[in-house]
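Undergrad: The lines below spell out each chain.
Number of protein chains: 2
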Amino acid sequence: MINFIENGSITTTPGFKAAGIFAGIKRKRKDLALIYSPRPCNVAGTFTINKVKAAPLLLSQEVIKQNGKVKAILVNSGNANACTGEEGYNDVVLSQKYCAKLLNINPNEVLVSSTGVIGQRMPMETLLSGIDKIVTEVTEDGGINAAEAIMTTDKIQKNFAVTTKINNSIITIGAICKGSGMIMPNMATMLAFITTDVKIENELLKKLLVKAVNNTFNKISVDGETSTNDMVVIMANGLSNIEIKENDYSIGAFYDALFLLCTEMAKTIAKDGEGATKLITVNITGADTQKDADLAGKSIANSSLVKTAIYGNDANWGRIMSSLGMSGAEVKPEKVSVYFDNLPILLPGYKVVLDEEKAFKCLNKNEVLINVNLNGGNYSSTWFTCDFTENYIKINAEYRS
Amino acid sequence: MINFIENGSITTTPGFKAAGIFAGIKRKRKDLALIYSPRPCNVAGTFTINKVKAAPLLLSQEVIKQNGKVKAILVNSGNANACTGEEGYNDVVLSQKYCAKLLNINPNEVLVSSTGVIGQRMPMETLLSGIDKIVTEVTEDGGINAAEAIMTTDKIQKNFAVTTKINNSIITIGAICKGSGMIMPNMATMLAFITTDVKIENELLKKLLVKAVNNTFNKISVDGETSTNDMVVIMANGLSNIEIKENDYSIGAFYDALFLLCTEMAKTIAKDGEGATKLITVNITGADTQKDADLAGKSIANSSLVKTAIYGNDANWGRIMSSLGMSGAEVKPEKVSVYFDNLPILLPGYKVVLDEEKAFKCLNKNEVLINVNLNGGNYSSTWFTCDFTENYIKINAEYRS
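If you read the sequences in order, they're chains A and B.
To convert, note that position 270 of the first sequence is 274 in the working numbering; the numbers rise steadily by one, no gaps.
To convert, note that position 351 of the second sequence is 355 in the working numbering; the numbers rise steadily by one, no gaps.
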């Protein structure tokens, strides 16, 4: 039994503190977050595959590789510290050291993460003053503020926590994340920080995180195209004394909770797509292979034309079929059926059973479900996206200012 | 010396007739075109790689494969005759036969092409009445009307012709095309019909057409993702008696003219992107391989974030770099330079030399040029796209109605 904790966050997990403050990197809103665990935590991360990697990301990757234990994550919004060369890297090393010194811990126990404008030097004086302040403000209920501080164009603040029972003891997984602009998330930074109190080796933690990320965050609109700064990091402080082991009941229970938490984050990010008015779930079933299911889902979830049609409450299933046809998936178009929720639109043999009025009702909602059955094999894939509106353009034509 | 003929079209080429009429498939505008050559023409075509192929496309592919000579192309807008199954295929066979009968030619000398809404049966009575009418209206200056009749969401009518001298004789290549929605052309139908009076074997004609298409139409925004109905067809009637042969001066001269004509069509299609206000040319140089150059150009030309920034006259070069980083191309980010026209923005070593005021002037124009030098090898690639505006959303949220 997995429970969502109302207004949960990274600090719902016992043993973690956090804070979120206004440091002045952004004009008006909170822009600096700190996550802190007095106990050393095992850690795993997944990072962007973009060849242009931001300085803090390079540093954090190195820390995890070298050290394997961390106590803090410093995150700023407003400046990505990407495309800033050696000077940018020196800046992030300085902020890491400064933060470690004030927390009285080792520099290589501190991860750093950034999101914001690319190609501008970090305002270091502002940042260091912010660090002075934030280290004094970390508290056991500061996760909510931290969630607020990492937002950029996000409209929905994203903090979650779940608990579940393993061997009759309760374990907690908490998280904050940011991300929007998921129409084409190729360059929209997605950050997620997860805390848990289970005991788990780094290697296994990484394995479970990668699996969860692949099935959730990487199925928002586009897979494998990421920004300069994307990262998902999980810290495990072991405080619950519940150990997660291979070939054990515990691993399934923990993964299920982690997967559910990540699914909720992914759905919220998709729903919060820049300018979006609707969450769209694309469900592919009946594919001959996993690859076909993934390709089909990705293509439909990423189609501007499908997304504008859903925005306009237009049951334009032809766009879904065309998107499917160019997905690269092996499909037999004449076998395909398309449903909105449980309402059949197209049945095999190109049998159109569209009832415009009923279809309009399925589409004129905050959450739209597109079910596409390839009527072949047993593989399936679920993708999250949002509709595509004029406001996406407005936001992105004006973003840098 | 290649000359563009003012207001040229398919009927600028000697020996070709055409017409464009209102048949009633669309509500108000011209919707039926016919291209006709009394002389049998050699023919070559390139067709969509979408697995969902429209009925007329399947038929036309078959005609070219089986027959190799054609005299007519019948094109309608307003209905794609795609996802219509066997009945849709029977419809197109019927219209082909009907048209051939009235022209007093063989059915397999007639190609058929359609563009419009997917998944609706063709209104056959309307279409056949239209064919009755159009066969009586083909004239030697009807190319302009034909160009108008194949438009869908196009705002700019697209007809062109060039002449060039080969062995002291003038040869002509004329064309009409349609296409827009090139933000994500994965589902925006692109049709082009080209006529020429050279003598050329089908095999060579195909080879040159494929090469020209790959370097022009396939470099509008996205390569290789095409709609259910996309086709480019070239007919050569041989009337000039100038023969184009392998390993001969003639082949270069003819290809250059064909390439220039196709470039002009591709640029006009990009410029006419749904809702677009600007033509954007992305020029990649200094790549180590052709593949790297193409991947880099494709990624930047297809980035929603780059395109919204250009719309907002925002010199957001970070988005260009990020798009480059996730392109799959082998790039060394620290070696890259970025220019708008000839204005340097970013120089190697992440040296930002952006002058906001000058950059604004470069961007605040109808035609924007982004030059990205990878400063590696000698490969280059040129891509055409457009800016991304609120009107794209409006058009596509309402298109079906």
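Watch out, some of these pointers could steer you wrong.
To be verified - Away from chain B, derived, C-beta distances all over 10 Å, residues of chain A:
id, residue
1, Cys87
2, Leu243
3, Glu402
What the hints assert, rightly or not - Below are the DSBU-like pairs computed for lysine-lysine, each with C-alpha atoms no more than 35 Å apart in a straight line:
id, chain 1, residue 1, chain 2, residue 2
4, B, Lys339, A, Lys55
5, A, Lys355, B, Lys339
6, A, Lys21, A, Lys355
FYI, nobody ran anything at the bench for these hints, they're computed from the structure.
Think of the CB as a built atom: it goes at the ideal place given N, C-alpha and C, for glycine as much as any other residue.
Undergrad: Each hint needs a verdict: does it hold in this structure or not?
TA: Each hint, compared with the structure:
1. Not every CB of chain B is more than 10 Å from the CB of cysteine 87 of chain A (nearest about 5 Å), against its label as outside the interface.
2. With a least CB separation of 38 Å from chain B, leucine 243 of chain A remains clear of the 10 Å interface cut-off, as annotated.
3. Look at glutamate 402 of chain A: its CB is around 6 Å from the nearest CB on chain B, not clear of 10 Å, so calling it non-interface is violated.
4. For a cut-off of 35 Å, the pair hint linking lysine 339 of chain B to lysine 55 of chain A stands: about 13 Å separates their Cα positions.
5. About 55 Å separates the Cα atoms of lysine 355 of chain A and lysine 339 of chain B, which puts this hinted pair outside 35 Å; it is violated.
6. A hinted pair counts as satisfied when its Cα atoms are at most 35 Å apart, and lysine 21 of chain A with lysine 355 of chain A does not qualify at roughly 58 Å.
The structure shown violates the earlier hints numbered 1, 3, 5 and 6.
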